[in-house]
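Participant: Chain by chain, the residues:
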Amino acid sequence: MKKILAVDDSASMRQMVGFTLKNAGYDVTEAKDGQEALDVARDAEFDVIISDVNMPNMDGIELVRNLRTLPQFKFTPILMLTTESGTNKKGEGKAAGATGWIVKPFNPEQLLTVIKKVAR
Amino acid sequence: MSIDLSQFYEVFIDESFEGLETMESELLNLSPGDVDSEIINNIFRAAHSIKGGSGTFGFNAIANFTHVIETLLDEIRNGERELAANHVDLMLKSIDCLRNMLRSIQNNDEQESQEANTLRVQFEAILEQKNTTDDSNTSNSDAVATQPESNGVASKQTKIQITNFFEIKFNPESHVFKTGNEPLFIFEDLAEHGELSVEANIKGIPELDNLVADDCYLGWTINLDTTSDEETVKSVFEWVEDDAEIEIKLVAQFEDEIEVESELDEIEASKHEPSLTESSTSVDLASATPATTPESLPTDNSKQNDSATSDPVKAEFRPVQKASTDNKKEPTKQESSSIRVGTDKVDSLINMVGELVITQAMLNELGEDEQIDHAKLLALREGLAQLAHNTRDLQENVMRIRMLPISFVFSRFPRLVRDISQKLDKKVDLVLKGEGTELDKTVMEKISDPMVHLIRNSLDHGLETTPERLAAGKSEAGKVILNAYHQGGNIIIEIIDDGRGLNTEKIRSKAIENGLITEESVLSNQEINELIFKPGFSTADEVSDISGRGVGMDVVKRNINALNGTVEVVSEPNKGSTFTIRLPLTLAILDGQLVKVGNHIYIIPLVSIVESLQIDMSKVNSVGGGMDVLRLRDDYIPILRMHQLFNHPEACQKLQGGLLVVVESDNEKVGLLVDELLAQQQFVIKSLEENYKKVDGISGATILGSGSVSLIIDISSVVKMAGLKRAGHVGLDFDKPLSEAV
Amino acid sequence: MNEVLSTSQLGNDDNVDLVQYLTFMMDDEEYGIEILSVQEIRGWESMTSIPNSEEYVKGVINLRGTVVPVVDLRIRFNLSKFDYNELTVIIIVKVMIDKKTKIMGIVVDAVSDVYNIEKQKAKKAPDIGDSETKNYIEGLINVGDKMVVLLDLEKVLLI
Chain A
1 MKKILAVDDS ASMRQMVGFT LKNAGYDVTE AKDGQEALDV ARDAEFDVII
51 SDVNMPNMDG IELVRNLRTL PQFKFTPILM LTTESGTNKK GEGKAAGATG
101 WIVKPFNPEQ LLTVIKKVAR
Chain B
1 MSIDLSQFYE VFIDESFEGL ETMESELLNL SPGDVDSEII NNIFRAAHSI
51 KGGSGTFGFN AIANFTHVIE TLLDEIRNGE RELAANHVDL MLKSIDCLRN
101 MLRSIQNNDE QESQEANTLR VQFEAILEQK NTTDDSNTSN SDAVATQPES
151 NGVASKQTKI QITNFFEIKF NPESHVFKTG NEPLFIFEDL AEHGELSVEA
201 NIKGIPELDN LVADDCYLGW TINLDTTSDE ETVKSVFEWV EDDAEIEIKL
251 VAQFEDEIEV ESELDEIEAS KHEPSLTESS TSVDLASATP ATTPESLPTD
301 NSKQNDSATS DPVKAEFRPV QKASTDNKKE PTKQESSSIR VGTDKVDSLI
351 NMVGELVITQ AMLNELGEDE QIDHAKLLAL REGLAQLAHN TRDLQENVMR
401 IRMLPISFVF SRFPRLVRDI SQKLDKKVDL VLKGEGTELD KTVMEKISDP
451 MVHLIRNSLD HGLETTPERL AAGKSEAGKV ILNAYHQGGN IIIEIIDDGR
501 GLNTEKIRSK AIENGLITEE SVLSNQEINE LIFKPGFSTA DEVSDISGRG
551 VGMDVVKRNI NALNGTVEVV SEPNKGSTFT IRLPLTLAIL DGQLVKVGNH
601 IYIIPLVSIV ESLQIDMSKV NSVGGGMDVL RLRDDYIPIL RMHQLFNHPE
651 ACQKLQGGLL VVVESDNEKV GLLVDELLAQ QQFVIKSLEE NYKKVDGISG
701 ATILGSGSVS LIIDISSVVK MAGLKRAGHV GLDFDKPLSE AV
Chain C
1 MNEVLSTSQL GNDDNVDLVQ YLTFMMDDEE YGIEILSVQE IRGWESMTSI
51 PNSEEYVKGV INLRGTVVPV VDLRIRFNLS KFDYNELTVI IIVKVMIDKK
101 TKIMGIVVDA VSDVYNIEKQ KAKKAPDIGD SETKNYIEGL INVGDKMVVL
151 LDLEKVLLI
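Chains as they are written, first to last, in the UniProt record's numbering: chain A, 1 to 120; chain B, 1 to 742; chain C, 1 to 159.
No lab work stands behind these hints, which were simulated from the structure alone.
The beta carbon of each residue, even a glycine, is placed where N, CA and C say it ideally should be.
Fair warning: there could be bad hints in the mix.
[To be verified] Residues from chain B shown here face chain C by an in silico Cβ test under 7 Å; the list is partial:
no.	residue
1	Leu688
2	Asn691
3	Val695
4	Gly707
[Stated by the list, open to error] Below are the DSBU-like pairs computed for lysine-lysine, each with C-alpha atoms no more than 35 Å apart in a straight line:
no.	chain 1	residue 1	chain 2	residue 2
5	B	Lys654	A	Lys116
6	B	Lys596	C	Lys119
7	B	Lys654	B	Lys694
8	B	Lys203	A	Lys117
9	C	Lys81	B	Lys654
10	C	Lys102	B	Lys596
Make a model of the complete structure from these sequences and hints.
Facilitator: Structure (structure tokens):
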């Protein structure tokens, strides 16, 4: 079973993402901000990481940057959940090492389509 | 698979309300010109989450509206725009508006809000001011949260099937693997769009010694035979477009006549018999179908035609959204009845119940013994004492479940104070103390309005205008302190201002004018001040927008009394006033005094008892109409014979030596004549109305240790029953109708 | 609402509808109430009187933590008073009053029987006697050679 780490400070988004992925047969771990995600990830392995950008304590960009320094996440797909229309946040995420992004708003089906793209 | 999004609505709405609260309190912390980036970030994040969630869960009106707020915040955050006072005002208004929109969702109402549209126009006007139009364009297009893809719809209508042949050069930079992207996945995605062949370019591969295992040295040339357009093909490379050299060239295009509802096979077939439209493309065609290459990928038939597969998928999307709007009702119903409880409270309850079970087991064991000797009797008593202790603890902890910190009420006041002080043009510092003090949720809900009224009163009447303050040698800004703390089984809430204090003379003359007291009445300043709680009393020279308008202190007092609470005022000229509200922590429990009237046992709420005494006939005067009054120090206390009011003829009728419980209600003292004082204890309040009806003089019932029912006396109702008429001095004015709050 | 309901039930509906009634005695008269509204039957117990209540409200009792008012039906029906004895019972009933479900008790001389009654065969109460009491009556019916007065509890307990 593919393992996914879902990071979002919004409980409803976290639940939605978690529920959708679990329903589709993924093993999902949830974290409420970058710091918590990093703490969880340090001693674990995930096949895909999905993270919001704007979060307290540690934002998504910082999280990607930190994850990429961990050997087990060197090549792991990391997707950013973003509402930014401009390219600067995407660019920042890419520069930090993000694989791609999912633009909010999205629905569960769209989420799964994107996840299938990277978790195969 | 379709997932019912409505299951997340309740969480979304809860967290959005929390987010709005954060935004509000942080906005109030902001001062224009001196912007703390952390505060702006917090506000932005909250707005951002609301926008993201609302868009995802299909609340587009909220998403669209939040988008402009977010855009403004983002510009301020990035230093592109300076925070102005009108920004804060506008955002505060938007918060109110968003709250209403969220409530509409809860009530399953239309979430479109005229107000939101008006506010949005104002935001857009601000955004236009500095930034060029393209920014507002993105705001509009991005904000509309409808499903973005619209390709394929047109192709379904048309009878012309277009097949494109693309040649794609894809040369990723060496670090591409480190972004988590995998070229192979990209090829697989392309294969979903049509027939694909891929050729690897191995020129870049260095000598083995120089080869870095993590780097990518390959480039690819891809030929794609597809019905998808260039944009769609390009979107496959979206994630790597900054990390690779990508060149997409349309080398050929074919048009085929096809039927609109044609089967997939036919489309497939037509594609293989291309008819050339432009002769010039014929040369390119040859290169577009290259020979086998080492890396050519097998294509999956079922995935081959994108326009055929994407339509059913989209059709699936729509019902999801529809279902979500249909189910909006559910969260509302749950919302009002649910309560969030800290896990520490639940844990402590679990512990208590554990102890209770142990005690029960111990008692059980003792009970099984056929013979109880002295030692066992002692053990039994010990067990019972322990049981009593456990039960009390358990009860207290269960009560705590309903307790919430008063910050839930306090948090709305910074905004209130800001709005009012702006209107009054007064500078006000609001200080909140003891925000963590807990009280029952129900009490909390009911104390909010009286507090709003008292705070308004302090700001409007209590605090002076700035010139007045400066003239009085006070600081420019007035101070209002809200303080909460526990005292015994009560919560005390103080509203303290450092304003001018109550004008005792003015209150007195007004009270005489209104006939509340006479010229001859001798009253202490404190007693005069308390007159402001009398029905119909209003000291404002003119009815102001802020306080006044008929809703007087009497209503405040009545509402607080209805919660078994009291309100008092202490004031010192030029130093300020302190309003003190005292409330029971919960409405479910009552500290009461058991009294006996004839054969009947009643309960008098302890909070209203002033004292109990034995009647000394030398101090009793009859004032006619069957009414006796007792002189108690400076007061004349009307004596209410409970046996008469409750029609218990068997009770003691004599006044001489009779027991009088002096109680206070609506600021008036009366004495209740009873036969006997019994124990004082805590009672769990039971409703009498639930299965019966409202009874004059009774506020509820409780069950005594014996298992029988006892009724709780409603002091203010009893006073009304007694039909006390004005008797020429303050303290007996009960005939004025209580004006209703408007 | 009640009016409409009861007349339609008494009307010429062709279906044979058997409804179970619990009957009790008062002054040698047998009264019936729908058994579905009966929660339990308790012996007489002392109760807490309610100040200034109507005479027929005997007071309130503690029914496992719920405060339940008790109505003496003899007094409600203006029958002669009767000393409570070991046969006196309190029937606890659940009724809809003013769209709210209420639990109340009624004091009767003694519980009598349970009958299956064809409601359609019930006759309207004759237009004589105490008009107030008549309001409480849903209908009269013969069971064997006895006559049973079927009560409209909601009206009886609208107090």
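Participant: Work down the list of hints and note, for each, if the structure agrees.
Facilitator: Now for the hints, and whether the structure bears them out:
1. Leu688: Since the shortest Cβ distance to chain C is 6 Å, the answer is holds.
2. Asn691: holds (5 Å)
3. Val695: Result: holds, 6 Å to nearest chain C Cβ.
4. Gly707: OK, holds: B:Gly707 within 7 Å of chain C, min 6 Å.
5. B:Lys654 / A:Lys116: With a Cα-Cα distance of about 90 Å, the restraint between B:Lys654 and A:Lys116 is violated, given a limit of 35 Å.
6. B:Lys596 / C:Lys119: Between B:Lys596 and C:Lys119 the Cα gap is close to 50 Å, so the pair fails against 35 Å, i.e. violated.
7. B:Lys654 / B:Lys694: holds (30 Å)
8. B:Lys203 / A:Lys117: holds (29 Å)
9. C:Lys81 / B:Lys654: Holds. C:Lys81 to B:Lys654 sits at ~32 Å (cutoff 35 Å).
10. C:Lys102 / B:Lys596: holds (29 Å)
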